[in-house]
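Peer 1: Chain residues, written in single-letter form:
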Amino acid sequence: MDSDEALYSRVKQGDMRAFDELYARYASRLFGFLRPQVASRADAEDLFHEAILATLESDEVTFDRGSFRTWLYRIARNLLLNRVRSRYRGEAALLKVGASGEDDPPPPVDERVAMGQMLRALDGAVGRLPETLSDVYHLRSSGLSYEEMASVLGIPLGTLKSRMNQMVNVLREEMKPWTAR
Amino acid sequence: MDCSLIHDRLIAYHFATLADEERLELEAHLVSCTGCLRRYLALKAHVDHGGRAEDVPSEAARLRLRAAVQARFRPTPARRLRRWLTRPVPLYQGVALAAFLVAAAVLAPSVARALHPRPAVRFAERVDTARRTAESLTIY
Chain A
766 MDSDEALYSR VKQGDMRAFD ELYARYASRL FGFLRPQVAS RADAEDLFHE AILATLESDE
826 VTFDRGSFRT WLYRIARNLL LNRVRSRYRG EAALLKVGAS GEDDPPPPVD ERVAMGQMLR
886 ALDGAVGRLP ETLSDVYHLR SSGLSYEEMA SVLGIPLGTL KSRMNQMVNV LREEMKPWTA
946 R
Chain B
4 MDCSLIHDRL IAYHFATLAD EERLELEAHL VSCTGCLRRY LALKAHVDHG GRAEDVPSEA
64 ARLRLRAAVQ ARFRPTPARR LRRWLTRPVP LYQGVALAAF LVAAAVLAPS VARALHPRPA
124 VRFAERVDTA RRTAESLTIY
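Taken in sequence, the protein lines are chains A and B.
Residue numbering for the first sequence follows the numbering used here, starting at 766 and increasing by one per position.
Residue numbering for the second sequence follows the numbering used here, starting at 4 and increasing by one per position.
These are computed hints drawn from the structure, not numbers from a lab.
Hints should not be assumed to be uniformly reliable.
Stated by the list, open to error - Here are the computed lysine-lysine pairs in the DSSO-like style, where the Cα-Cα straight-line distance is at most 30 Å: (1) A/K777 - B/K47; (2) A/K941 - A/K926; (3) B/K47 - A/K926.
As the list claims (entries may be wrong) - The following residues of chain B were derived to be distant from chain A, with all beta-carbon distances above 10 Å: (4) L29; (5) R65; (6) F103; (7) L104; (8) A106.
Small disclaimer: the values here were computed from a predicted structure and weren't measured.
Idealized CB from N, CA, C, for every residue including glycine.
With the hints as constraints, model all of the structure from the sequences given.
Peer 2: Here it is in structure tokens:
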């Protein structure tokens, strides 16, 4: 199987089969990273389009093995931040999840319902995470390694680990009413 | 271990921030408690897919992106030539080419001699100029 970097080189030479393969690898993962962080599906599709095209057009970048993914997410994240900051003025554009009664105490219900509530509570808690921790959550959920995340965010590995712990602690704290049952 | 303690730690377990001891305890519990295991699997699926089923851009968005990439990187004659010149050549082809060149270099002189033989020179026609010069010297 060709590496991402080999496919990238072939796409730049006009090989559309390589593009199809690269697209198949990242359609779900990158879109899954972008979609929860913007208000509409159309916005996520626009960002996805811009991120892929910008990464392919980045002539100054020479990719080592394994670095295509890092660059793709770095560019996607920058585009996302630009859009969120300029168009929606910060928090208004972030997740619309979490509005469904996460402040109410959880009723005593069966396991399946309790699980559903826990997951909604998780969405709400993720939506309220500050930007630095939200980045960590979404990048990790997209399957990036610690090293790749640190590279995307441009921070040392130690800082990333610290943010990861912070993020988990915040989520644990927010979800306590639903997990302590 | 109490299931509520497990539930509280599942998110930390998923993001691999638990200490080794806690992690081992939790894993031992998950093996024996189907309720907690189901809850963990649901949490994992939810986190990995952003709270929704596997989601990809629409077909229209895919085609739009594909067309943009095709327009941007459409092969021109210059690009085709560059691609041909920089195409990867397998090692065995390189070895075969090298062997052919060596063989050609070794065999070239004999082939050339076979194709263009030198004209034969008869013995009688040979002139030994050095000897004649030596005999012509007179020593007194």
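Peer 1: Take a quick look at B/L29 and tell me if its Cβ sits farther than 10 Å from every Cβ on chain A, holds or violated.
Peer 2: Holds, since 13 Å exceeds 10 Å.
Peer 1: B/R65 clear of chain A by more than 10 Å, beta carbon to beta carbon?
Peer 2: violated, 7 Å
Peer 1: Please check whether the beta-carbon of B/L104 is more than 10 Å away from every beta-carbon in chain A.
Peer 2: holds, 29 Å
Peer 1: Using Cβ atoms and 10 Å as the threshold, tell me whether B/A106 really stays out of contact range of chain A.
Peer 2: holds, 34 Å
Peer 1: Evaluate the condition: distance from the CB of B/F103 to the nearest CB of chain A exceeds 10 Å.
Peer 2: Given that every Cβ of chain A is farther than 10 Å from that of B/F103, nearest at about 29 Å, it holds.
Peer 1: B/K47 and A/K926 were given as a pair; does the straight-line alpha-carbon distance stay at or below 30 Å?
Peer 2: Since the Cα atoms of B/K47 and A/K926 sit roughly 20 Å apart, the hinted pair holds (cutoff 30 Å).
Peer 1: Taking only the CA atoms, is the gap from A/K941 to A/K926 under or equal to 30 Å?
Peer 2: holds, 22 Å
Peer 1: Given the hint that A/K777 pairs with B/K47, does the C-alpha gap stay at or below 30 Å?
Peer 2: Judged against 30 Å, a Cα distance of about 36 Å means the pair is violated.
Checked against the numbered hints above, the structure breaks hints 1, 5 and satisfies the rest.
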